[in-house]
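Engineer: Residues per chain, in single letters:
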Amino acid sequence: MATAFETPPLGEYPVIPLLREGAMAHSKPFVAKPDLQKGLGFPGELVPEWEKVAVTKLGELVSQSRALRVFLDSCVKCGACTDKCHYYLGTADPKNMPVARQDLLRSVYRRYYTFAGKFFPWLVGARDMTKKVLDDWYSYFHQCSQCRRCAVFCPYGIDTAEISMAARDIMDTVGLGQKYSNEIIGKVHKIGNNLGLPEPALRNTLDGLEEDVKEATGVEVKFPLDVKGAEVLLVTPSADFFAEPHIDGLIGYAKVFHAAGISWTLSSHASEAANFSLFIGNHDNLQKVAERIREAALELGVKRIVVGECGHAWRVAYSFWNTLIGPFDFLDPRYPAPQHICELTYDLIRRGALTLDKSANDDKVVTFHDSCNVSRGSRMGNVPGGQFTIPREIIRACVNKFVDMAPETIGETTFCCGGGGGLLTDDLVELRVKGALPRMQALQRVVEEHGVNYMAAICAICKSQFTKVLPYYEHSRDMIGSVHGLVGNAIVLGPKR
Amino acid sequence: MSVLTVLYALLFYVATATLAGGVAWKCWVYARTPQPLKIPIPPAPATRRGVVLRMLTEVTLFRSLFRSNKWIWLFGWIFHVALLAVLLRHLRYFTEPVWFWVDMVQPFGLYAAFAMLAGLVGLWARRFLVDRVRYISSPSDHLMLALLVAIAASGLAMKYLVHTDIIALKAFFLGLMVFSWQELPADPVLLVHLALVAVLMIVFPLSKLLHAPGVFFSPSLNQVDDARERRHAAGWSAKIVRAGRTPGG
Ligand code: SF4
Ligand code: SF4
Ligand code: SF4
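Protein sequence lines, in the order shown, are assigned to chains A and B. Numbering follows my numbering, with no gaps: position 354 of the first sequence is 354. Numbering follows my numbering, with no gaps: position 47 of the second sequence is 544.
The set of hints was computed from the structure by calculation and includes no laboratory data. Note that the Cβ used here is the ideal one computed from N, Cα and C, for glycine as well. Where hints are given, some of them may not hold.
Within a straight-line C-alpha distance of at most 25 Å, the following computed DMTMM-like cross-link-like pairs (lysine to aspartate or glutamate) qualify [what the hints assert, rightly or not]: (1) B:Lys736 to A:Glu408; (2) B:Lys567 to A:Glu408; (3) B:Lys567 to A:Asp329; (4) A:Lys222 to A:Asp248; (5) B:Lys567 to A:Glu412; (6) A:Lys77 to B:Glu726; (7) A:Lys288 to B:Asp628; (8) A:Lys303 to B:Glu726; (9) B:Lys736 to A:Glu412; (10) A:Lys401 to A:Asp329; (11) B:Lys736 to A:Asp329; (12) A:Lys77 to B:Asp628; (13) A:Lys288 to B:Asp723.
Some chain A residues flagged as far from chain B (calculated, every beta-carbon gap over 12 Å) [unchecked claim]: (14) Lys38; (15) Lys77; (16) Lys84; (17) Lys132; (18) Glu215; (19) Gly352; (20) Ala353; (21) Lys358; (22) Glu412; (23) Asp426.
Far from chain B, some chain A residues (derived; all Cβ distances over 10 Å) [unchecked claim]: (24) Tyr13; (25) Thr323; (26) Leu356.
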């Protein structure tokens with residue numbers, strides 16, 4: 001699968017490429033094996049009369065989602081979104097233009113569910129559901145990281161993410177699933193986290209971390225697991241338990257809790273914040289995976305739920321949890337439920353509850369990558385835009401040298417890292433490298449102009465993705481780090497022994 | 498009564514019914530379809546008021562479009578505003594006595610017709626000149642622009658080239674509204690203009706012109722960003738049954 005490809009040149013300034021039809025038609029993630037599919041309640045392979053099943057499912061989805069219905073009807077083909085997707089900018093494949101991606105599904109919707117498409121298909125570009133269409137779906141709906149950048153620019157707020165989630169849901173329903181996402185969801189159901197890390201291994205890892213931090217700082221910072229009656233349940237992406245640079249973030253959270261004297265715990269039952277069911281658009285799984293967290297919170301009798309650095313997990317937590325697993329009337333009403341770790345840290349900083357020594361990060365010139373699921377799928381704090389200001393305020397409190405990348409590449413118009421939405425898999429590495437182009441261009445500029453050598457992020461997927469793709473663009477993989485990694489460096493925990 | 502008059506009278510009844518019925522039906526379907534999850538897109542206001550303001554700036558100023566592409570915004574905005582002025586100007590054919598403010602917009606309506614044409618030509622040119630927009634255009638997108646251009650051109654032709662009997666035309670429409678049919682002047686340009694308008698009214702609820710009501714129902718634009726404060730539930734999300742403990746239990 002990993003055929004040779006060229007890393008796109010960064011160029012002097014970003015350009016909108018001319019179309020190259022079929023440039024990414026070969027990009028397809030591995031297909032999920034039958035037993036994997038069955039574990040999630042999907043058929044193992046393409047069902048008989050799958051065309052019919054797919055069309056019926058599409059109708060069902062449309063009748064269950066106003067978003068889908070309005071989005072499928074309302075596009076005027078104005079073209080405003082065509083140059084907004086990082087995958088189009090990085091690959092030049094026209095089917096990676098958001099509207100063209102939507103049209104892959106819209107053409108089928110029109111054919112079976114609209115007057116014009118039923119009687120004049122050629123006029124409105126309506127198509128029958130065929131194997132060729134399905135192949136196109138599988139390829140190009142797995143070239144969308146569901147980052148919602150296109151939706152910010154569409155005059156009707158048409159969100160291609162909703163459409164690609166629906167398409168993936170339909171594909172799963174007919175028996176064509178993506179191995180990477182479905183494998184991970186399977187592991188969460190079975191073991192409790194994406195990595196399939198069982199409880200004893202998790203406990204071991206945490207004990208090891210306690211020792212490491214003790215050695216480095218001389219302070220006994222705890223990493224508690226399954227502690228009943230703790231104040232805070234921390235739910236964080238499992239990558240935080242051992243992947244680099246994620247783990248520095250986890251250490252940062254622990255130090256914050258320690259310094260503020262907040263009792264906290266992780267849960268082995270809900271040892272994962274990520275919820276990949278979002279990516280495959282399946283709401284049964286979405287709800288089930290989220291439910292573990294409610295169960296864990298009730299079981300442990302905590303007063304607050306805090307979510308670690310994870311983009312889509314925070315979207316699910318902030319935007320969907322109240323719906324899926326709320327109401328949170330068993331939690332302390334003085335705190336937002338759920339609360340982001342950045343909100344917690346920021347509050348402590350504002351109250352002067354943390355001692356931060358910025359000079360600990362003086363070897364770094366820092367910039368911040370806004371993770372799209374945080375930027376465009378959620379919020380922090382109690383004013384709009386808090387998801388942009390709060391992480392930056394935290395960074396500024398922890399480092400002396402901070403610069404932002406170009407304004408059109410951050411904030412609500414941030415560019416995706418290129419690996420979100422269930423695409424963070426080696427069988428899609430070409431797509432990931434090319435999709436990272438716009439972010440790499442913006443980064444390159446601050447590297448050249450300000451000597452930036454550290455890009456902080458608050459998303460586990462972003463961190464893994466950049467670790468992988470930075471070297472393709474001739475940067476060190478260590479350039480990417482956690483916001484709470486910076487906090488962990490700067491925080492002063494008391495006198496060294 | 499000429500056959501032509503009968504034909505056009507019927508055509509306009511059908512067109513009006515299709516437009517009104519079709520759009521009402523679509524709105525009803527949109528309103529009835531649940532939106533199970535919160536998906537506002539930033540800049541998402543945290544209050545109802547903020548959302549009203551946001552929708553207003555979207556539909557009057559095309560705020561998002563301005564941000565994304567100045568050319569499309571320019572042509573699109575000019576076209577829509579001009580269309581509005583032209584429509585208001587046309588109210589004089591349907592009101593007796595003519596409302597005073599309709600009188601006032603008359604001169605603007607005239608300039609607007611040219612502006613509308615300019616906007617349409619600009620939008621159409623993009624469909625040929627910009628490779629990305631060419632790729633996403635289907636025959637219906639071109640036809641829709643052709644239809645609008647033809648309507649504007651035939652209207653202008655009547656104003657400047659081949660005048661039509663405005664008094665009789667107005668009598669025809671006023672008559673239509675109270676079901677007392679009057680003779681329609683049989684000028685070819687007028688007949689073309691009216692036929693095209695009727696076609697536009699009929700295709701409206703069957704085509705992408707649904708973006709007009711659609712924008713108001715778009716959850717990414719019209720939802721309040723208050724997911725944590727207010728529990729949202731609709732459709733499947735209102736039917737979630739929890740196996741474990743109940744809230745607070
Ligand atoms: S910006 Fe919106 S309306 Fe315009 S082409 Fe893209 S999806 Fe369609
Ligand atoms: S959601 Fe993101 S990845 Fe998907 S089409 Fe839109 S811009 Fe591209
Ligand atoms: S990984 Fe990060 S940047 Fe990429 S889609 Fe997720 S949140 Fe967005």
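Engineer: Within 25 Å, alpha carbon to alpha carbon, are B:Lys567 and A:Asp329?
Structural biologist: violated (48 Å)
Engineer: Would you say A:Lys358 is clear of chain B, with no C-beta pair closer than or equal to 12 Å?
Structural biologist: Answer for A:Lys358: holds, closest chain B Cβ roughly 30 Å.
Engineer: Would the hint linking A:Lys303 and B:Glu726 be met if the CA-CA limit is 25 Å?
Structural biologist: holds (17 Å)
Engineer: Beyond 12 Å on every Cβ pair: is that true for A:Glu215 relative to chain B?
Structural biologist: Given that every Cβ of chain B is farther than 12 Å from that of A:Glu215, nearest at about 39 Å, it holds.
Engineer: Straight-line Cα separation of B:Lys567 and A:Glu412 no greater than 25 Å?
Structural biologist: holds (19 Å)
Engineer: In terms of Cβ atoms, is chain B entirely out of 12 Å range of A:Ala353?
Structural biologist: holds (23 Å)
Engineer: Hey, does A:Lys77 actually stay past 12 Å from chain B on C-beta?
Structural biologist: violated (5 Å)
Engineer: Beyond 12 Å on every Cβ pair: is that true for A:Lys84 relative to chain B?
Structural biologist: violated (7 Å)
Engineer: Taken at face value, is the distance from the CA of B:Asp628 to the CA of A:Lys288 at most 25 Å?
Structural biologist: Cα-Cα ~45 Å, so violated.
Engineer: So is A:Gly352 really clear of chain B, every C-beta pair being over 12 Å apart?
Structural biologist: holds (26 Å)
Engineer: For the pair supplied as a hint, A:Lys77 and B:Asp628, is the alpha-carbon distance within the 25 Å limit?
Structural biologist: holds (13 Å)
Engineer: Between A:Lys222 and A:Asp248, does the CA-CA distance stay at or below 25 Å?
Structural biologist: Distance of about 14 Å is within 25 Å: holds.
When each numbered hint is compared with the structure, violations occur for hints 1, 3, 6, 7, 9, 10, 15, 16, 22, 25.
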